[in-house]
Each structure stands twice: as C-alpha cells, then as structure tokens.
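Number of protein chains: 2
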Amino acid sequence: MSGCGAEKGLISIDEALQLIQTRPQVLATETLPLGQCLNRYLAEAVYSNVNLPNFSQSAVDGYALNTMLEHLQDARFDLKGEIKAGSVSDCPLEQGQAIRIFTGGKIPEGTTHVARQEIVIVESDANIRLAEHIKPEADIRFTGEEIQVGQQLADVGQKINSGALAALSMAGVQTIDVFSVPKVAVVVTGDEVAETPADLQAGKVFDANGPLLKAWFNDYGLDVEILHIADEAEQVRHCFEQLKQQYDVIITTGGVSVGDYDFVRPCAFETGFEQVFWKVKQKPGKPLFFAEYKPLNSEGHPCYLLGLPGNPAAVYVAMQIYGKTLLDALQSQDQPLEWFSAILTHELKSDARERFLRMHAYFEYGQLKLQSLAKQQSHMLSNLMQANCLVRIPANIKIEAGQLVSGLFIHN
Amino acid sequence: MSGCGAEKGLISIDEALQLIQTRPQVLATETLPLGQCLNRYLAEAVYSNVNLPNFSQSAVDGYALNTMLEHLQDARFDLKGEIKAGSVSDCPLEQGQAIRIFTGGKIPEGTTHVARQEIVIVESDANIRLAEHIKPEADIRFTGEEIQVGQQLADVGQKINSGALAALSMAGVQTIDVFSVPKVAVVVTGDEVAETPADLQAGKVFDANGPLLKAWFNDYGLDVEILHIADEAEQVRHCFEQLKQQYDVIITTGGVSVGDYDFVRPCAFETGFEQVFWKVKQKPGKPLFFAEYKPLNSEGHPCYLLGLPGNPAAVYVAMQIYGKTLLDALQSQDQPLEWFSAILTHELKSDARERFLRMHAYFEYGQLKLQSLAKQQSHMLSNLMQANCLVRIPANIKIEAGQLVSGLFIHN
Numbered sequence: 002m003s004g005c006g007a008e009k010g011l012i013s014i015d016e017a018l019q020l021i022q023t024r025p026q027v028l029a030t031e032t033l034p035l036g037q038c039l040n041r042y043l044a045e046a047v048y049s050n051v052n053l054p055n056f057s058q059s060a061v062d063g064y065a066l067n068t069m070l071e072h073l074q075d076a077r078f079d080l081k082g083e084i085k086a087g088s089v090s091d092c093p094l095e096q097g098q099a100i101r102i103f104t105g106g107k108i109p110e111g112t113t114h115v116a117r118q119e120i121v122i123v124e125s126d127a128n129i130r131l132a133e134h135i136k137p138e139a140d141i142r143f144t145g146e147e148i149q150v151g152q153q154l155a156d157v158g159q160k161i162n163s164g165a166l167a168a169l170s171m172a173g174v175q176t177i178d179v180f181s182v183p184k185v186a187v188v189v190t191g192d193e194v195a196e197t198p199a200d201l202q203a204g205k206v207f208d209a210n211g212p213l214l215k216a217w218f219n220d221y222g223l224d225v226e227i228l229h230i231a232d233e234a235e236q237v238r239h240c241f242e243q244l245k246q247q248y249d250v251i252i253t254t255g256g257v258s259v260g261d262y263d264f265v266r267p268c269a270f271e272t273g274f275e276q277v278f279w280k281v282k283q284k285p286g287k288p289l290f291f292a293e294y295k296p297l298n299s300e301g302h303p304c305y306l307l308g309l310p311g312n313p314a315a316v317y318v319a320m321q322i323y324g325k326t327l328l329d330a331l332q333s334q335d336q337p338l339e340w341f342s343a344i345l346t347h348e349l350k351s352d353a354r355e356r357f358l359r360m361h362a363y364f365e366y367g368q369l370k371l372q373s374l375a376k377q378q379s380h381m382l383s384n385l386m387q388a389n390c391l392v393r394i395p396a397n398i399k400i401e402a403g404q405l406v407s408g409l410f411i412h413n
Numbered sequence: 002m003s004g005c006g007a008e009k010g011l012i013s014i015d016e017a018l019q020l021i022q023t024r025p026q027v028l029a030t031e032t033l034p035l036g037q038c039l040n041r042y043l044a045e046a047v048y049s050n051v052n053l054p055n056f057s058q059s060a061v062d063g064y065a066l067n068t069m070l071e072h073l074q075d076a077r078f079d080l081k082g083e084i085k086a087g088s089v090s091d092c093p094l095e096q097g098q099a100i101r102i103f104t105g106g107k108i109p110e111g112t113t114h115v116a117r118q119e120i121v122i123v124e125s126d127a128n129i130r131l132a133e134h135i136k137p138e139a140d141i142r143f144t145g146e147e148i149q150v151g152q153q154l155a156d157v158g159q160k161i162n163s164g165a166l167a168a169l170s171m172a173g174v175q176t177i178d179v180f181s182v183p184k185v186a187v188v189v190t191g192d193e194v195a196e197t198p199a200d201l202q203a204g205k206v207f208d209a210n211g212p213l214l215k216a217w218f219n220d221y222g223l224d225v226e227i228l229h230i231a232d233e234a235e236q237v238r239h240c241f242e243q244l245k246q247q248y249d250v251i252i253t254t255g256g257v258s259v260g261d262y263d264f265v266r267p268c269a270f271e272t273g274f275e276q277v278f279w280k281v282k283q284k285p286g287k288p289l290f291f292a293e294y295k296p297l298n299s300e301g302h303p304c305y306l307l308g309l310p311g312n313p314a315a316v317y318v319a320m321q322i323y324g325k326t327l328l329d330a331l332q333s334q335d336q337p338l339e340w341f342s343a344i345l346t347h348e349l350k351s352d353a354r355e356r357f358l359r360m361h362a363y364f365e366y367g368q369l370k371l372q373s374l375a376k377q378q379s380h381m382l383s384n385l386m387q388a389n390c391l392v393r394i395p396a397n398i399k400i401e402a403g404q405l406v407s408g409l410f411i412h413n
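Chains S and W, in that order, give the protein sequences.
Going by the numbering used here, the first sequence opens with residue 2, and the numbers climb by one from there.
Going by the numbering used here, the second sequence opens with residue 2, and the numbers climb by one from there.
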C-alpha cells in the first residue's frame with residue numbers, strides 16, 4: 002500500500018492539531034444584535050443589567066394573600082380584584098385581603114403568601130377560603146433569585162447556542178460582542194470530475210468533494226461557493242493570488258501530494274504562502290498541507306490555506322478534525338473538538354499510521370461502545386450512511402477488544 | 002409547589018411521545034436535486050446506476066506495469082507515456098511495458114501491477130526499475146469493489162447529512178425523493194412581554210421564548226416567523242383560523258394552563274382542532290397540549306398544534322423532546338430521539354413527576370457521567386450556558402449516586 006509509516010518528516014495528528022489551533026491570528030470582533038449571533042462565539046463577557054426575576058412574582062395561577070395567621074387551613078380572605086401577568090396593582094394588600102394573580106404576575110406590596118388556585122375555594126365574588134395550610138413564600142419567585150444586577154451571565158468563548166441565546170434574551174441583552182466568522186473559499190482541483198454521465202467513459206468520476214464541502218459548511222453555518230479548477234499551475238496560481246486578498250481561509254481538495262500534477266504547494270509558495278506543515282502521519286489524509294499568507298501591509302488579516310487530499314474520505318475526515326479546528330481557532334476557540342472515550346467491541350490490526358475510522362457508536366448500560374464499519378479506504382464513502390462517529394486508533398499497536406479509544410461524534 | 006403529581010388525567014412522557022410519533026399524517030414527498038436535500042429524510046430507497054469505482058484505477062501516484070515475472074525486485078520496464086487522473090490511454094500495455102499513472106487514473110488494459118512511485122527508480126526517459134518486489138493488484142482499486150450497479154446505496158428514512166450527501170454524489174445520484182419539511186408557524190402569547198427596558202417597570206419581562214424558538218428552528222434548518230399575540234380570545238381565535246389553513250404545524254407558547262387568560266385550548270377547539278392530549282406528568286412542562294385539525298376537504302394536510310407552556314425552560318425542554326419528535330414524525334421518522342444511558346454522579350431527591358433536568362455530561366474511561374446543574378426551575382434558563390444534555394429522571398423514586406439514567410445530548 003502507499004504511504005508507509007516509516008516516511009520521514011511527517012508530523013503527528015496532535016502536532017498538526019496544535020499548529021492549527023495556535024498559529025492562526027484570531028479574527029476581529031463585532032457587535033451584533035443578539036438574534037444574529039446564533040452559534041457564534043462570545044468575545045466579551047456579558048453581565049446582567051437586570052435582576053432575574055426583575056420583580057417578585059407568582060409562580061402559579063392563584064391568589065396573593067396578606068395574613069399573620071399561623072394556620073391557614075380554612076382561613077378566609079376578602080378578594081380585591083386581579084393582576085394579570087404583564088400588569089401591576091398599585092394598591093398594597095392589607096391583612097385579611099387576597100388578590101387574584103396569574104403565573105408571572107407581580108405580587109403586590111404586603112403579600113405574605115401565594116396560594117395556588119387548586120387549594121382555594123371561591124365562596125363568593127368577594128370571598129375565598131383556603132382548603133389547605135400553605136407555607137409562606139412557597140409559590141413566590143423572588144426578585145434576583147436567579148440572577149442579580151451585575152452578575153456575569155456568560156464568559157468569553159461561550160458558544161451562543163439556542164439555549165444561551167434564550168438565556169441572554171431573558172436578561173434583556175440586546176447586542177453582544179462576538180468574533181467574526183471566517184470568510185472561506187473552497188477550491189476543488191482536478192481534471193477528473195465528470196460533468197455529465199457521458200464523461201464517465203473518459204476516465205472521470207462524479208464529484209463528491211464539492212457537494213461534501215458545500216453541505217459541511219452549510220451545517221457549520223457558512224454559505225460557501227465551490228470553485229472548480231483544473232490541474233494546471235497557471236490556473237491554481239491565479240486562483241490563490243485572487244483569493245488570498247479576499248478570504249481568511251482557502252480550503253483546497255486534491256493536488257497536495259508529490260505527483261507531477263500536484264500544484265497546490267508550489268503555487269501556494271509562489272503566491273506568498275509559507276508552509277506551516279505538510280504531511281501528517283495519519284490515515285486517511287497523509288498529504289495534508291497547512292500554510293499561511295501574511296499580507297505585506299499589516300492591516301489585512303492573514304489567509305490560511307488548508308490543502309486537503311483529493312480522496313473524499315480524507316476530505317470528510319480532515320474537515321471534521323482539522324477544518325473545524327481551524328475555523329474555531331480563528332474565533333479564539335482552543336478546544337473545538339470534544340473527544341469521547343469509548344470501548345472498542347472487537348480487535349483491530351496494527352497499522353503504521355494513526356487512523357481515523359468511521360464507526361457506529363452505541364450506549365450499553367452507560368458505556369459507549371464502538372463497532373467498526375467495512376469499506377474504510379480513502380476513496381470510499383458509502384459507510385457514512387451508518388457511521389455516527391470518527392474514532393482515533395493509535396499507530397503500531399494491535400488494539401484488543403475491550404480497549405478504550407477516543408473519538409468524535411458526527412452530529413449531523 | 003404547583004402541580005402535584007397526584008393530579009388525575011395526566012399522561013406519561015412515553016405516552017405523549019408515542020402519540021406525537023404515531024398520530025401525524027406523514028407529509029407528501031418531493032423530488033429534489035441532491036444538493037438541496039441536506040438534513041432531509043429519504044422517502045425512496047436509492048440504488049446505484051454505476052459501479053464504484055466506475056473503472057479499475059490506480060490507488061497511488063506511480064506506474065502501471067504488465068509483467069509475468071514472479072520476482073519483481075530490480076525488474077526493468079519500458080516507459081510508455083503517462084495517464085493523468087481524468088484521462089485514459091487507448092493503448093493496452095504489453096509485457097515488459099510500464100506507463101506513468103496518477104491516483105485515480107484508469108489503468109490501461111493489460112495492467113498486472115501498479116507500483117507506487119516511492120519504490121520506482123527512473124533510469125532514463127524510457128526505462129524504469131523496481132527497487133522492491135510488489136504483489137499483483139496491491140495498489141489497484143477494482144471496478145465495483147465498493148458498490149456495484151443496482152446495489153442499494155441508502156434506505157427510506159436515511160437522514161441526508163453531509164456524509165450521506167457526499168456518498169450519493171459520488172455515485173452520480175442527481176435527484177432524490179425526500180419528505181417535505183413541515184411549514185411551521187410559531188405563536189408567542191402573552192401580555193407580559195417587554196418591548197423596551199421601560200416596560201419592565203410595568204410588570205413585564207423580556208421575551209425569551211421568541212428568540213429561543215427562532216434560534217431552535219434555525220438549527221433544525223427552518224426559518225420561521227415569530228408571531229406575538231396578546232392574551233385575548235378573539236386574537237388567538239383569529240390567529241388559529243388563519244394559520245391552520247397554511248401551516249402543517251402551529252407551535253404556541255403560554256396560555257395552555259387553566260388560568261382565566263389561557264385561551265389556547267378553547268380557541269383551538271373553536272377553530273376545529275381536536276385534542277390529542279393535554280397535560281403530561283412531567284417537570285417542566287406539565288400543561289403541554291397537542292391537538293389536530295383535519296381539513297374538511299380531504300385534499301389538505303392536517304394541521305398539528307403543539308401548545309407549549311409559557312415558562313422558557315419548559316419551552317426549551319419541550320422543543321428538544323416533543324418539538325423534534327413532531328417535526329421528524331411528519332417526515333416519517335419514528336425514532337427521532339437518540340437516548341443515551343449514563344451514570345449519575347450524585348443522588349437526587351424523589352419527585353412526584355418525571356423530570357427533565359439540564360445537566361453536564363462528560364466521558365470518563367468510556368463511561369458517560371452526569372453532573373446536575375443548579376437553577377432547574379421552569380422560569381430559569383441561565384444554566385443552559387453549562388448544560389450539554391437533558392436527563393430523564395423517573396418519578397417517585399430517590400436516585401442514588403451511580404445509578405443509570407437516560408438522556409439526550411444538546412448538540413448545538
């Protein structure tokens with residue numbers, strides 16, 4: 002097989018991840034309306050301008066009461082109107098008085114208890130009686146019991162997922178500072194992409210990498226255009242020259258090996274990129290290439306080129322591992338990947354390179370277990386119908402059934 | 002506290018899920034270009050029109066050889082040009098001949114071996130020599146070795162995630178049949194929503210439910226408009242009357258309890274909805290309401306109303322559990338939720354209702370462990386900054402540390 006592990010100059014997966022995490026210059030921040038920040042990363046901590054709740058309120062539909070009695074079963078109260086959620090009563094409750102109140106309604110001054118309606122007997126339009134004793138403060142939500150004015154709501158780096166966005170909304174946060182998202186160009190190289198079924202006769206293949214990257218970025222939250230260019234040095238060079246000015250990231254597929262038509266590296270060098278690394282001791286995706294272009298005037302942002310191999314499984318794996326790490330690093334995330342640990346249910350032969358295998362993960366009594374899938378070669382994708390994770394298998398060691406390995410869930 | 006578990010007529014979480022999974026009439030299917038189908042569900046199985054690979058090809062950059070020799074170390078070959086990936090050679094290889102070939106290049110007729118370039122010594126423009134012996138067929142990808150013509154690529158119900166989309170693209174699949182996505186209207190009821198900070202003085206609160214639902218649907222892949230309506234029967238009725246004609250699903254928040262301003266149920270009944278269930282023995286979200294409107298002419302699709310409580314934590318939990326189940330059921334998915342099992346690291350007091358608690362899950366030696374978070378009440382959301390899962394805690398039993406419980410990851 003190609004690419005034995007003994008080849009020199011290859012770096013490890015951990016070294017590659019470390020370089021991709023630490024090398025990029027973090028993007029600028031921007032202040033945006035909260036509603037536009039879904040799945041962004043927070044660039045400034047957020048503190049609350051309000052108490053939550055902002056006023057003491059009823060936790061139930063029922064009655065606010067004012068009483069000094071110790072035993073409330075059968076206690077009677079004069080009923081003094083009602084308070085809807087979203088409205089207020091200006092009159093303080095006096096002893097022996099009750100007022101109808103609904104969940105979220107602001108309790109009036111003088112309230113000692115709230116009785117839920119299920120235990121209240123309405124004797125007339127003007128009188129109620131309690132069927133049970135209740136404790137003071139039982140169904141009251143007190144001002145600031147969740148969050149107090151000035152308290153930190155979220156820290157730098159917080160991902161603004163739908164839950165975080167809702168929590169900030171509830172505290173009245175209108176705008177937040179987030180890291181800009183990278184501007185990304187995707188370049189699929191190669192003469193072998195079939196445009197029509199007839200092209201298959203001429204030694205071409207259907208494109209998997211273009212649709213794969215379009216969909217992957219869509220899931221990440223970015224709409225990217227896919228550029229197709231031929232394996233010709235002039236075209237590749239021209240493309241890099243244009244893109245490096247306008248984009249923070251260029252992702253390429255194909256053309257990064259040592260074949261005579263592998264123009265990505267030489268053209269990157271000719272257009273001012275400097276290599277950060279080339280070749281990772283991994284399977285799939287050994288010829289992974291990472292380079293940086295620093296603009297001559299110090300105002301522009303650098304452009305990072307992640308050169309992926311052409312085999313679609315290598316592209317898929319590299320995006321889940323390195324692509325996500327790069328995009329997140331540009332937004333100041335230094336721990337973008339959440340590795341799980343899990344038990345392999347079967348043995349695996351040793352291989353000279355560390356591997357990412359597509360597997361099926363399932364829970365059994367709280368234990369995450371892993372079953373490998375067939376057809377792992379780098380030109381094969383069909384097992385992605387069954388795969389729900391990528392599993393990292395160390396090099397040069399036979400893995401026994403029952404051994405622990407680490408991996409990443411495929412969420413979408 | 003409100004809502005004791007002894008209340009009659011409540012159904013269980015499992016019963017509610019079962020009704021939401023099985024009651025909806027599945028939506029129509031549509032045939033779409035594959036690239037538009039990200040995160041859709043397949044409505045027809047897909048079979049391959051091609052072999053994968055579609056022709057026998059080189060797995061490496063190297064040389065295709067034709068030889069009958071048993072021992073190939075130091076064997077010499079006449080070099081006959083080259084084949085790029087995406088091009089073909091019309092001349093069969095004859096014994097003793099070699100041709101330069103690149104990864105993915107179609108191997109010419111007569112090929113017996115492919116030698117990777119690392120073990121080939123180029124002696125002249127016309128001659129090469131092998132530095133090592135190689136086995137026949139070592140670096141050849143054979144026609145159909147992954148997929149054969151007519152073989153099933155994906156089954157009904159398959160989620161078209163980015164990996165599945167890429168795998169189908171590679172097999173030349175241009176269009177697929179998928180279930181239509183539901184048309185969803187979201188209605189936030191209540192007079193208590195503050196429009197400006199000044200409104201807070203008047204007993205109002207900032208809206209969490211609108212931004213939450215907007216973001217949640219965005220993550221699900223749907224762009225929904227959020228309608229705000231007051232707690233007035235006439236408005237609610239008018240709203241349902243309009244929406245039921247145009248939408249497959251109406252999600253409401255608030256107004257489903259038994260308060261005097263809870264107009265969702267009565268207005269649903271007045272506009273032709275039939276109750277499927279009301280009230281689930283759960284915390285948060287007891288007054289959950291599910292109803293169905295069947296249009297009089299049999300051509301239209303039914304409209305399903307999922308009435309969520311007004312408390313934002315109940316809304317959040319209900320969307321992850323019941324909202325997702327409903328949207329997926331309309332697309333013929335009967336197992337939308339992937340429950341994990343995990344070990345609770347601490348004890349939990351008994352509660353009369355089954356609970357969904359927001360927790361932090363982490364892996365330890367392959368074991369998924371769970372740590373509960375503070376501030377679980379239904380009007381509190383701030384712990385969603387730390388939560389990465391929702392955990393199901395059975396009713397009426399004290400849970401001991403080390404006990405297994407089930408839950409769902411929060412992916413975004």
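None of these hints come from the bench; they were simulated from the model.
Beta carbons are placed, not taken as given, at the ideal position from N, Cα and C, and that holds for glycine.
Hints are not guaranteed to be accurate.
[Unchecked claim] Covered stretches of chain W, going by a simulated chain S footprint (3 or more residues, C-beta under 8 Å):
| id | segment |
| --- | --- |
| 1 | 27-41 |
| 2 | 68-82 |
| 3 | 142-150 |
| 4 | 342-349 |
| 5 | 374-383 |
[Said to hold, decoys possible] Per label pair, the in silico range of CB-to-CB distance:
| id | chain 1 | residue 1 | chain 2 | residue 2 | range |
| --- | --- | --- | --- | --- | --- |
| 6 | W | ALA199 | S | PRO296 | 41 to 49 Å |
| 7 | S | HIS412 | W | ASN397 | 33 to 41 Å |
| 8 | S | GLU124 | W | GLU339 | 24 to 32 Å |
| 9 | S | GLU226 | W | LEU33 | 14 to 22 Å |
| 10 | S | LEU228 | W | GLU271 | 53 to 61 Å |
| 11 | W | GLN246 | S | ALA132 | 39 to 47 Å |
| 12 | W | GLU339 | S | MET69 | 48 to 56 Å |
| 13 | W | LEU297 | S | GLU95 | 35 to 43 Å |
| 14 | W | ALA402 | S | ASP79 | 24 to 32 Å |
| 15 | S | SER333 | W | LEU297 | 31 to 39 Å |
| 16 | S | GLU226 | W | ALA234 | 49 to 57 Å |
| 17 | S | GLU16 | W | ALA203 | 57 to 65 Å |
| 18 | S | GLU401 | W | VAL89 | 39 to 47 Å |
| 19 | S | MET69 | W | GLN246 | 35 to 43 Å |
[To be verified] So the derived list for chain S, only partly shown, Cβ under 7 Å to chain W, looks like this:
| id | residue |
| --- | --- |
| 20 | ASP62 |
| 21 | ALA86 |
| 22 | PHE103 |
| 23 | LYS107 |
| 24 | GLY111 |
| 25 | ARG130 |
| 26 | GLY164 |
| 27 | ALA199 |
| 28 | ALA209 |
| 29 | LEU213 |
| 30 | TRP217 |
| 31 | ASN219 |
| 32 | LEU223 |
| 33 | SER342 |
| 34 | GLN368 |
Hint-by-hint comparison with the structure:
no.	hint	in the structure
1	27-41	holds (count 4)
2	68-82	violated (count 0)
3	142-150	holds (count 3)
4	342-349	holds (count 3)
5	374-383	holds (count 6)
6	W:ALA199 to S:PRO296: 41 to 49 Å	holds (47 Å)
7	S:HIS412 to W:ASN397: 33 to 41 Å	holds (34 Å)
8	S:GLU124 to W:GLU339: 24 to 32 Å	violated (53 Å)
9	S:GLU226 to W:LEU33: 14 to 22 Å	holds (20 Å)
10	S:LEU228 to W:GLU271: 53 to 61 Å	holds (56 Å)
11	W:GLN246 to S:ALA132: 39 to 47 Å	holds (45 Å)
12	W:GLU339 to S:MET69: 48 to 56 Å	holds (55 Å)
13	W:LEU297 to S:GLU95: 35 to 43 Å	violated (55 Å)
14	W:ALA402 to S:ASP79: 24 to 32 Å	violated (50 Å)
15	S:SER333 to W:LEU297: 31 to 39 Å	violated (57 Å)
16	S:GLU226 to W:ALA234: 49 to 57 Å	holds (50 Å)
17	S:GLU16 to W:ALA203: 57 to 65 Å	holds (60 Å)
18	S:GLU401 to W:VAL89: 39 to 47 Å	holds (46 Å)
19	S:MET69 to W:GLN246: 35 to 43 Å	violated (56 Å)
20	ASP62	holds (4 Å)
21	ALA86	holds (4 Å)
22	PHE103	holds (5 Å)
23	LYS107	holds (4 Å)
24	GLY111	violated (16 Å)
25	ARG130	violated (19 Å)
26	GLY164	holds (3 Å)
27	ALA199	violated (11 Å)
28	ALA209	holds (4 Å)
29	LEU213	holds (3 Å)
30	TRP217	holds (5 Å)
31	ASN219	holds (6 Å)
32	LEU223	violated (13 Å)
33	SER342	holds (5 Å)
34	GLN368	holds (6 Å)
Checked against the numbered hints listed earlier, the structure breaks hints 2, 8, 13, 14, 15, 19, 24, 25, 27, 32; every other hint is satisfied.
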